[in-house]
Amino acid sequence: MAIVTNLDVQLAKNKMTLTELSERVNITMANLSILKSGKARAVRFSTLELICQELNCTPGDILEFVPDN
Amino acid sequence: MALRNSQILKIIKSIVSILWVLQWAVLISIIIYVLLLILNVDFFNVDVLKGFKIHFAKIDFLKPIVIDGKEHIVKLTNGEGRLHIENFNQSFIYMRILGAFIDSFLYLLILYLLRKIFKNLTTSQFFIPENGVLLRKIGFTIIALAIVPAIIHFITDAMVLNSLQIEGVTFKNEFNFDLQTILLGILVFVISIVFLRGIELKKDQELTI
Numbered sequence: 051m052a053i054v055t056n057l058d059v060q061l062a063k064n065k066m067t068l069t070e071l072s073e074r075v076n077i078t079m080a081n082l083s084i085l086k087s088g089k090a091r092a093v094r095f096s097t098l099e100l101i102c103q104e105l106n107c108t109p110g111d112i113l114e115f116v117p118d119n
Numbered sequence: 032m033a034l035r036n037s038q039i040l041k042i043i044k045s046i047v048s049i050l051w052v053l054q055w056a057v058l059i060s061i062i063i064y065v066l067l068l069i070l071n072v073d074f075f076n077v078d079v080l081k082g083f084k085i086h087f088a089k090i091d092f093l094k095p096i097v098i099d100g101k102e103h104i105v106k107l108t109n110g111e112g113r114l115h116i117e118n119f120n121q122s123f124i125y126m127r128i129l130g131a132f133i134d135s136f137l138y139l140l141i142l143y144l145l146r147k148i149f150k151n152l153t154t155s156q157f158f159i160p161e162n163g164v165l166l167r168k169i170g171f172t173i174i175a176l177a178i179v180p181a182i183i184h185f186i187t188d189a190m191v192l193n194s195l196q197i198e199g200v201t202f203k204n205e206f207n208f209d210l211q212t213i214l215l216g217i218l219v220f221v222i223s224i225v226f227l228r229g230i231e232l233k234k235d236q237e238l239t240i
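These protein sequence lines map, in sequence, to chains A and B. In terms of this note's numbering, the first sequence opens at residue 51 and continues consecutively. In terms of this note's numbering, the second sequence opens at residue 32 and continues consecutively.
Warning: the hint list may mix true and false statements.
Stated by the list, open to error - Dumping the calculated DSS-like pairs for lysine-lysine here, alpha-carbon to alpha-carbon at most 27 Å:
#1 A:LYS89 - B:LYS234
#2 B:LYS168 - B:LYS44
#3 A:LYS86 - A:LYS65
#4 B:LYS41 - B:LYS150
#5 B:LYS234 - A:LYS86
#6 B:LYS233 - A:LYS86
#7 B:LYS84 - B:LYS101
#8 B:LYS44 - B:LYS150
#9 B:LYS147 - B:LYS168
#10 B:LYS106 - B:LYS89
#11 B:LYS84 - B:LYS203
#12 A:LYS89 - B:LYS233
No lab work stands behind these hints, which were simulated from the structure alone. In this text the structure is predicted, and so the values were computed from the model without any measurement.
With the rest of the complex left out, here is chain A (with noise of 0.2 Å):
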């Protein structure tokens, strides 16, 4: 896949865990655990927003774009 997710990067940053992520953001740590372990095929804009705000972080610093080859 092209985009990866380095939310775990970001947690670790924070000293956060995805469980406490879940409940301040108000999504399930279903959805948080697709995002993190990279099988999301999208993520909403306000998703995004609610994220970087918790965890003080440009949508840059969760999603890297990594060349397939």
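On the provided structure of chain A, position chain B as indicated by the hints.
Leaving out everything else, chain B in the frame of chain A:
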């Protein structure tokens, strides 16, 4: 409304099950028919079943026919019938039986695929890739049903009628394939493509955070 749909589904499933049994009976009958032909059993008048369906352009009655006390020249035009010729080499019948067998087999295949879809529906598996694939297979089978038996009939007729000369009878060999059935098969195939794409979109939606 949901309860009514499930009742309709049950009724249709029952009809499909009945058709499944009947179609198996047809297929087994064809096999028994072939065995009777091969064995030429005495207790069963197989000659009644022999003969083949023909289309004719014209049949001239060689002698005038008396109608209301007067003689008239009579002919039949553009029709179809079953031609029986005693002591005629009936080996071409096996080609015709092959056509009928393939016809019945394809119907059976459609019913089998439909039953698989119904099995998924009764376990509430509606929007799954398997149903889309089954629909696509049904589409292909319907198209085959319209074309394959028609080709076999046409070839068999050509083989027999080209070598058959009957005084006063003009045969015609027509390639009759069912265009409506082909269009129906294409329609089912297109629906299956839409269905499978819908499943992809559903998955995209589910994996959108």
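Okay, the hints, checked on the actual structure:
1. A:LYS89 - B:LYS234: 11 Å, holds
2. B:LYS168 - B:LYS44: Roughly 19 Å separates the two Cα atoms, so the pair holds.
3. A:LYS86 - A:LYS65: 16 Å, holds
4. B:LYS41 - B:LYS150: Distance of about 11 Å is within 27 Å: holds.
5. B:LYS234 - A:LYS86: 18 Å, holds
6. B:LYS233 - A:LYS86: 21 Å, holds
7. B:LYS84 - B:LYS101: Violated, at roughly 33 Å.
8. B:LYS44 - B:LYS150: 9 Å, holds
9. B:LYS147 - B:LYS168: Roughly 12 Å between the alpha carbons, so the hint for B:LYS147 and B:LYS168 holds.
10. B:LYS106 - B:LYS89: 7 Å, holds
11. B:LYS84 - B:LYS203: The given pair, whose Cα atoms are some 12 Å apart, holds under the 27 Å limit.
12. A:LYS89 - B:LYS233: Holds, because 15 Å separates the two Cα atoms, which is no more than 27 Å.
In this structure, only the earlier hint numbered 7 is contradicted, and the remaining ones agree with it.
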